[in-house]
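Enquirer: Take the given structure of chain A and dock chains B, C and D to it, following the hints.
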Amino acid sequence: MLFLLIIMPLLAGVSVCLPVRKRFRIELLCGVSLIHAVVTAFFWKQLPAPEFNGYLVLDYLGLILLSINSVLFVAVSFYMLGYFEHEPRRNRIFTVCLFFLLSTVTLVSASYHMGLLWVAIETTTLFSAPLISFYRNQQTLEATWKYLLVCSVGIALALMGTFFMAIAAHDTQTLLLPTLLSNASTLSVNWLKLSVIFLLVGYGCKMGLAPTHSWKPEAYGQAPGMAVVLMAGGLTQCSFLALFRVAQICAKSGLADFYSSILIFSGVLSLIVPAIFILGERNIKRAFAYSSIEHMGILVLGLGLGGAGIFGALFHMINNALAKIVMFLTAGSIAQKYGSARLEDVRGVIRVYPVTGVFLILALLAGTGMFPFATFHSELMILNAAVSTQHFALAALGCLCLGVMFIGIGRIILEMVYGQTTEPVLAKKENLFMNSAIAAGALILIGIGVWMPAALTKVIQGAAGLIK
Amino acid sequence: MEIIFSKIWQVPFGALSLRLDPLSVLFLTAITILFFCAGIYSMGYLRPYQGKKPLVWHVFCYLFLAMMFGVVVTANNVILFLSAWELMSIATYFLIIFHDETPSVRRAGFLYLMATHCGTFCLFLMFFLMAHTAGSMNFDVMAHASFSPVVAGTIFSLALIGFGVKAGFLPFHIWLPHAHPAAPSHISAVLSGVAIKTGIYGICRVLWIMGVLPEWCGYALLLIGVVSGLMGVLYALGQHELKKLLAYHSIENIGIIAIGLGIGMLGRTYHLAFVSALGFAGALLHVLNHALFKGLLFLGAGSVIQKTHTGDLDRLGGLAKIMPYTSVLFLVGALSICGLPLFNGFISEFVIFYGLFQGLLTLPLQGVFSCGVGIVSLALMGALALACFAKVYGTIFLGKPRRTGDSALFQEKERNRALSPVLREATSKWMIVAMAVLAGLCAWIGLAPRNAVRLTFAGGEYLSRGVLMKEDFEKLMAPLSMIIGTVFIFMAVIAVLVLVRKVLLGKGSMPIQDTWACGFAQVSPKFQYTSSSFARPIVELMKKILMFSRQGGKVVGEFPVQAHMISAVKDASEEGMFRPLYIRFIRLSRKLDERRNKYTQMYLMYIFLFLIFLLIWKLR
Amino acid sequence: MTIWIDAACILVVFFSLSILAAYRIGGMIQMFAVQSLVLSFMPVLMHSHALSLRDILLSLGTMVLKAVLVPYILFWAIRHVSMRSEVKPIIGIGSSIVCGALLIAGSFWVSSSVTFPGKIASDLVIPCSLATVLLGFMIMVTRTRAVTQVVGYLVMENGIFLFALSLFDAMPILIEMGILLDIFAAVFIMAIVVNHINEEFERSPAAVKRWSKMGESI
Amino acid sequence: MISLTFYILLHWLIVLAGAPLFLGVIPRVKAVISGRRGPSVFQPYYDLARLFQKKTVYSRTTTWLFRAAPIVALASVLMVSLVVPFCVFKAPIQFTGDILLVAYLLALARFFMIIAALDTGYSMEGMGASREAFFSCLSELTLFMNFITLALLAHNISLSRMIGADIPVSWQMAGPALLMAAGSLFVVLLAENCRLPVDDPDTHLELTMIHEVMILEHGGVDLAYMHYAAGIKMFIFAAILVPILLPWQTGNVLQNWAIFCGGMMGLALLVGVVESTMARFRLNRVKHFLLISFALAFFGFIVALWRI
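Chains as they are written, first to last, in the numbering used here: chain A, 1012 to 1479; chain B, 17 to 636; chain C, 900 to 1117; chain D, 429 to 736.
Pulled out of the complex, with its shape left as it was, chain A reads as follows (with noise of 0.2 Å):
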């Protein structure tokens, strides 16, 4: 089932290479998407077999980033329907990317080898890269550019970090994740130390943590909406179950306070570091990708603390991913109409594009952690375990940063919305598809914030019992 699952979109990535109508290849992707939501519903009720000697094996974690994006490719590819309504753009490199990125985030999800993991995180790399040049120009390409490096040298640096956990696992002999699990114990530290480094930096590279952030604002800024959404809320998470598989050997292999001090001290990182850049900022998708970082802080943090903190953590992965549509999306959908995503240039939304404008709000406040939206339970929980596990001048500063960081996005967002109008330069209709995709998001999120399911309850806790 879980090969599959991977295969399908594969299949559909290559087929669409052939000369098809241009909305046909979004449709397929709309179809396969909810084809795939639909197969990761069923694993809900019941988690499916491990496949090819338990190289592929679906566990609750995986479970939750499998539905992440399976959630997010829905929302994008029916937000892509109406997007290329007023897009004269070709979209077969794109589409094609798409669908073999859908493909490599399931193999990420269900890879149970730290080998295979690493290589399926690095095949997310190259098929998102493509993605952020979809409009060809100077800056795309600077940025296309400067993710491919940073990327590189992340996954290079993984890489590392997988061959000295290989060593450290020389008696096991091989990296099968529940092997070196119950072997933990005779894995030999200093290398599994070192590994455990490289490992932090490399993924950390690809999630964007401080200070291996920088990638993310220039990305982000230039890659279409729909694309950011996949790169913020599905890919930087797929980095995401690495770090927390290492944290999951760590816990076993009593390097688990070693692992949270690193852990910790990124986090905190990636929470400053963004606080201090993003007061200056005008250009909405460069500040949304500042709080990206500082989401991805968050994660981390949460993962370090452990406790609560690690339900936090995988609560506010689903959070963070279903906040990002609303956002990117949204800012999308403003790009695409103003010609450009800078404060000077988009004002007065709320007059021209109404629809739009709330959306905005909503954006401001899912991102930053208002109530209605779960992100608000997420982020209270990890600083509840911050304050539970006594790292109390950690709780403050996690507030103060996400107090900088509220004011840094709300001046930029409320402003655009209520602002002096500006006149849209590209003046596109408000569209069903774009506004119905953000709506979704943004009403999971609320639905998850007022009453959380207990399926959901029940699967995050699975996800955090396997930290022991």
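FYI, nobody ran anything at the bench for these hints, they're computed from the structure. Be aware that one or more of the hints could be misleading.
DSS-like cross-link-like pairs, simulated, lysine-lysine; straight-line CA separation at most 25 Å [claimed, not checked]:
hint: 1; chain 1: D; residue 1: K715; chain 2: B; residue 2: K586
hint: 2; chain 1: B; residue 1: K634; chain 2: A; residue 2: K1263
hint: 3; chain 1: B; residue 1: K570; chain 2: B; residue 2: K560
hint: 4; chain 1: B; residue 1: K518; chain 2: D; residue 2: K483
hint: 5; chain 1: A; residue 1: K1033; chain 2: A; residue 2: K1439
hint: 6; chain 1: B; residue 1: K69; chain 2: B; residue 2: K323
hint: 7; chain 1: B; residue 1: K559; chain 2: B; residue 2: K586
hint: 8; chain 1: B; residue 1: K68; chain 2: A; residue 2: K1440
hint: 9; chain 1: A; residue 1: K1033; chain 2: A; residue 2: K1440
hint: 10; chain 1: B; residue 1: K69; chain 2: B; residue 2: K445
hint: 11; chain 1: B; residue 1: K337; chain 2: B; residue 2: K323
hint: 12; chain 1: B; residue 1: K23; chain 2: A; residue 2: K1469
hint: 13; chain 1: B; residue 1: K560; chain 2: D; residue 2: K715
hint: 14; chain 1: B; residue 1: K634; chain 2: A; residue 2: K1479
hint: 15; chain 1: D; residue 1: K715; chain 2: B; residue 2: K559
hint: 16; chain 1: B; residue 1: K523; chain 2: D; residue 2: K482
hint: 17; chain 1: D; residue 1: K518; chain 2: B; residue 2: K523
hint: 18; chain 1: D; residue 1: K482; chain 2: B; residue 2: K518
hint: 19; chain 1: A; residue 1: K1440; chain 2: B; residue 2: K559
hint: 20; chain 1: B; residue 1: K491; chain 2: D; residue 2: K518
hint: 21; chain 1: A; residue 1: K1263; chain 2: A; residue 2: K1033
Here are some chain B residues the structure puts well away from chain C; computed CB gaps all over 10 Å [stated by the list, open to error]:
hint: 22; residue: H160
hint: 23; residue: F504
hint: 24; residue: M507
hint: 25; residue: Q617
Just so it is clear, the structure is predicted and the values come from calculations on it, not from any experiment. Think of the CB as a built atom: it goes at the ideal place given N, C-alpha and C, for glycine as much as any other residue.
Expert: For chains B, C and D alone, coordinates are given in the frame of chain A:
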């Protein structure tokens, strides 16, 4: 005495647990009254905006806000409280930016959102610290926990910041003087009347949960009260803009409330049940009273602004003849806020004064000194508030209009002479009804305070976690009933004096002429003292603190043509603290951003250094 | 046999250093090709048991890909983009070499603190591979041109490759696949990007100005 | 109830009768010191009687508040007088915290006076009102400071007790404190009643006046009410000050009464002497004068705290 409603709420740590206790009841009362009256008022006030503004959304936010206030003051669970708190802030934001086409309104709205959100983060920390110590997220369970002095002190400090931002304690009040004038008047009334009181409610709730706090907390709150109160009223004196002035008065009144709470805490620290009950009861009564009279004043200000399209005190004047009803109702509000007898402000200030004096006589030495300072500052606040409202009332409603534009209003009045007085006033009758209800309540508490005092005394006793003692209540009521008696005699004396005057003047009409003005022949309305010149002596005395600045005003040349003078009072904590901080931060941010973009290599360098750092740090 | 392995290791590090010291892009690529050539003999040299087909295939694959194809693509790219051929380092070549030497010392120091659990062909492999990785990293950090960064990245990959060889027996074939894929894809995409940059450069005159103003950051 | 009514009426009788006399003594003293004969001490009675018979003229700028102010002012001071004991005539109204009623009723009167002044729509009155508001802020500060000291010493917050039987004990316990309190209260008396170093009630240069300029537009009964209110206010302040300065209590009612009356006359003399020996301060010096009195009162409070 307490009603608890509890249901499951499926979010992390959440519980749909509401609880009604004397404290909640008190705040609920204020909320209900003010929302009701402001709602009635808005029926008239919003009429000109029909079809121009999304009124349905506005009304939805208004009702939603009312609901959220209700949840905030009754929530028994941290998550529920914080959720409602956030929603409340958001709804308030949308209400404030009703006039979103104006840049200053947008700025004010954002400032509000920014301040309140940052304050909320302190609350997160505070509540989690509490929950961590108490092991539960429910207030009633927390109340049974015991807190070590350090933890208790930390929690209290966080509460002072977190709730202080909302309440408008100095120096966290910066949003207040911007947001209040920006909002439409019925919203300003709600903001000032109850929104900032939720901060006070929060502090009360924390006090209730914490039980006994370290000694310094009471002194700290007293000090904050004194500083906020004095600075609030001084800033108010320096304002030219009516609603901004009222906003600063809200800060002053919050200061008075904080003084009351502070003395209550001192009483509790030293186990003086009566002092503590007096302090808390006075503070709570002032919460209620301030909601009434400040609501009234803001509504009145709204009528004035709607009528004249300006809130600039230096341009208004003589409105008592055009808006007779509003002028009388505004006078009631002004008298109440100055704490003058006949109206409710005096009652609550009396209770707080009583508490302070009682503390003066019974507390240990440092307490005595603090009470002395409290009394003197409260007295000074009273005197300054009186000066300020005499200025406001005198310049808006009395004298002559200070700009030529308003003589058009007078002509209009002449034309409408045939109409009924209410219509001539040209403000909707709903607006007058709403103000009249509030004014009536002010007078009711001022003249028959027993019920209101009982309500708040119960709240005070509850807050000091004592048992409601009949004697104590009677001990408070005794002087109050004497006061009421005196006030009734006072009214009788007035009646007699009026009669005497009538008799002495006899029948026949009295001659009406222009103002004598020492015989000066050509009296122009421009001769009148403006509000700025009225307040100048006091502002000059305090010009260092108030950052008072004057520009221009020199008349030069042998044949001087025209001269302009601008004087302004700047808010020290805004202009001297937060704004420079903000600007510097932004500059730093921009600078770093520029530097970062210079080389792509720097990106890789960071990774490299990070890796090296981790290796050295972890593998030494 | 160990002497050959030692020599190869030393050579790899030496070429990394000389790439660091190069002041023309063409020279860098040439030296990289030679380094890769040396490296491609390693699988054959390092086999612990009988020479298998796998070893030979790996050697040949590496040789073709890294020593021929990649340098060819890179040369194609610099010709196509018509960049100037100076390296343009951020820090001078002299000090680069000093730093590189320090990094080599550091990697030997780090390697001394960990012991390899299994059998290894030579004790120079791990420090040398680490040194190559770090030197590659340093090339990326200190050189400002896109192509030089690609070369730096490739040097780094060579280091990792050397390291992977030490794990030859323990690792499944998957990893090698990964390495090859990585190199292939990275170079491929980088070349495409460089190509695109060129395309844009030709297409819009407005971009030219900006491009030249951007300096040499890409 | 009946007896209370009687006491109240009696109190008012004393106030209404005594206040003009008190006011009349001062100009006489000044005249004598400067070597003139001066007006009769009963002159204020004549003035009031004359004003009561006059009709008034109203400005068309004014509103009902202009007419209400004199009434409120007079009523307020009359109510305040009920809280103050006049030696053997105990205060008819006394309760815990009645000093607050004193302060706030006076404030009520002030509020109405100020807005009535602003009601005329002319700069002179506005100027007076502004100064009145400013100086009263400062004198209120001093007044409350003294109340605190007295309350601390008497351990009670009812005016009758604060200046009542405990004063001799307080003199023994914290004499300096009481002395300073009395001194600063005297300054308050001068300031609140617009006596000389602060304000000159006799001058007719509007620019330097405070109280007089506020009531420029009032005439007839209104002016009479205003003057009466001012006189009563001064009388009340004096009646508060005298028991502090002359705390001797004999068993004899008549002797006590004589001491009190003598004290009042002495105070009037003192005011007269001050007025004839001091010049009026420049306006921007007045605030310093008042602040000094506040400092004095504060010092008294500290001493009282020290001794208690």
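Enquirer: So, for every hint listed, does it hold in this structure?
Expert: Going through the hints against the structure:
1. With a CA separation close to 23 Å, the supplied pair D/K715 and B/K586 stays within the 25 Å bound.
2. A C-alpha spacing of about 19 Å is found between B/K634 and A/K1263, which places the hinted pair at or below 25 Å, so the restraint holds.
3. Of the pairs offered as hints, the one joining B/K570 and B/K560 holds, with about 22 Å between alpha carbons and a cut-off of 25 Å not exceeded.
4. This hinted pair checks out: B/K518 and D/K483 have alpha carbons roughly 11 Å apart, not beyond 25 Å.
5. Between A/K1033 and A/K1439, the direct Cα distance comes to roughly 19 Å. Compliance with the 25 Å bound is thereby established for this hinted pair.
6. For the proposed pair B/K69 and B/K323, the alpha carbon gap of about 19 Å is at most 25 Å, so the pair holds.
7. At roughly 10 Å between alpha-carbon atoms, B/K559 and B/K586 fall within 25 Å of each other, so this suggested pair holds.
8. Proximity of B/K68 to A/K1440 is assessed by CA-CA distance (about 23 Å); at most 25 Å being required, the pair is judged to hold.
9. Of the pairs offered as hints, the one joining A/K1033 and A/K1440 holds, with about 20 Å between alpha carbons and a cut-off of 25 Å not exceeded.
10. Among the hinted pairs, B/K69 with B/K445 is consistent with the structure: their alpha-carbon atoms are about 22 Å apart, no more than 25 Å.
11. With a C-alpha separation of about 13 Å, the suggested pairing of B/K337 with B/K323 holds against the 25 Å cut-off.
12. For the suggested pair B/K23 and A/K1469, the alpha carbons sit about 21 Å apart, so the restraint of at most 25 Å is met.
13. For the given pair, B/K560 sits about 16 Å from D/K715 by alpha-carbon distance, which is consistent with the 25 Å threshold.
14. For the proposed pair B/K634 and A/K1479, the alpha carbon gap of about 23 Å is at most 25 Å, so the pair holds.
15. Among the hinted pairs, D/K715 with B/K559 is consistent with the structure: their alpha-carbon atoms are about 14 Å apart, no more than 25 Å.
16. With a C-alpha separation of about 13 Å, the suggested pairing of B/K523 with D/K482 holds against the 25 Å cut-off.
17. Between D/K518 and B/K523, the direct Cα distance comes to roughly 40 Å. Violation of the 25 Å bound is thereby established for this hinted pair.
18. Distance hint between D/K482 and B/K518 is fulfilled; the C-alpha atoms sit about 12 Å from each other, no more than 25 Å.
19. The hinted pair formed by A/K1440 and B/K559 fails the criterion: a straight-line CA distance of about 56 Å is larger than 25 Å.
20. A distance of roughly 22 Å separates the Cα atoms of B/K491 and D/K518; the hinted pair therefore holds under the 25 Å criterion.
21. The suggested pairing of A/K1263 with A/K1033 is violated, with an alpha-carbon distance near 50 Å, which exceeds 25 Å.
22. Its beta-carbon lying about 54 Å from the closest one in chain C, B/H160 satisfies the requirement of being farther than 10 Å from that chain.
23. For B/F504, the shortest C-beta to C-beta distance to chain C comes to about 84 Å, beyond the 10 Å cut-off, and the non-interface label holds.
24. Under the 10 Å C-beta cut-off, the non-interface status given to B/M507 relative to chain C holds; the minimum distance is some 82 Å.
25. Taking the minimum C-beta to C-beta distance to chain C, about 5 Å, the non-interface status of B/Q617 is violated against the 10 Å cut.
The structure does not agree with the numbered hints 17, 19, 21, 25 stated previously, though it agrees with the rest.
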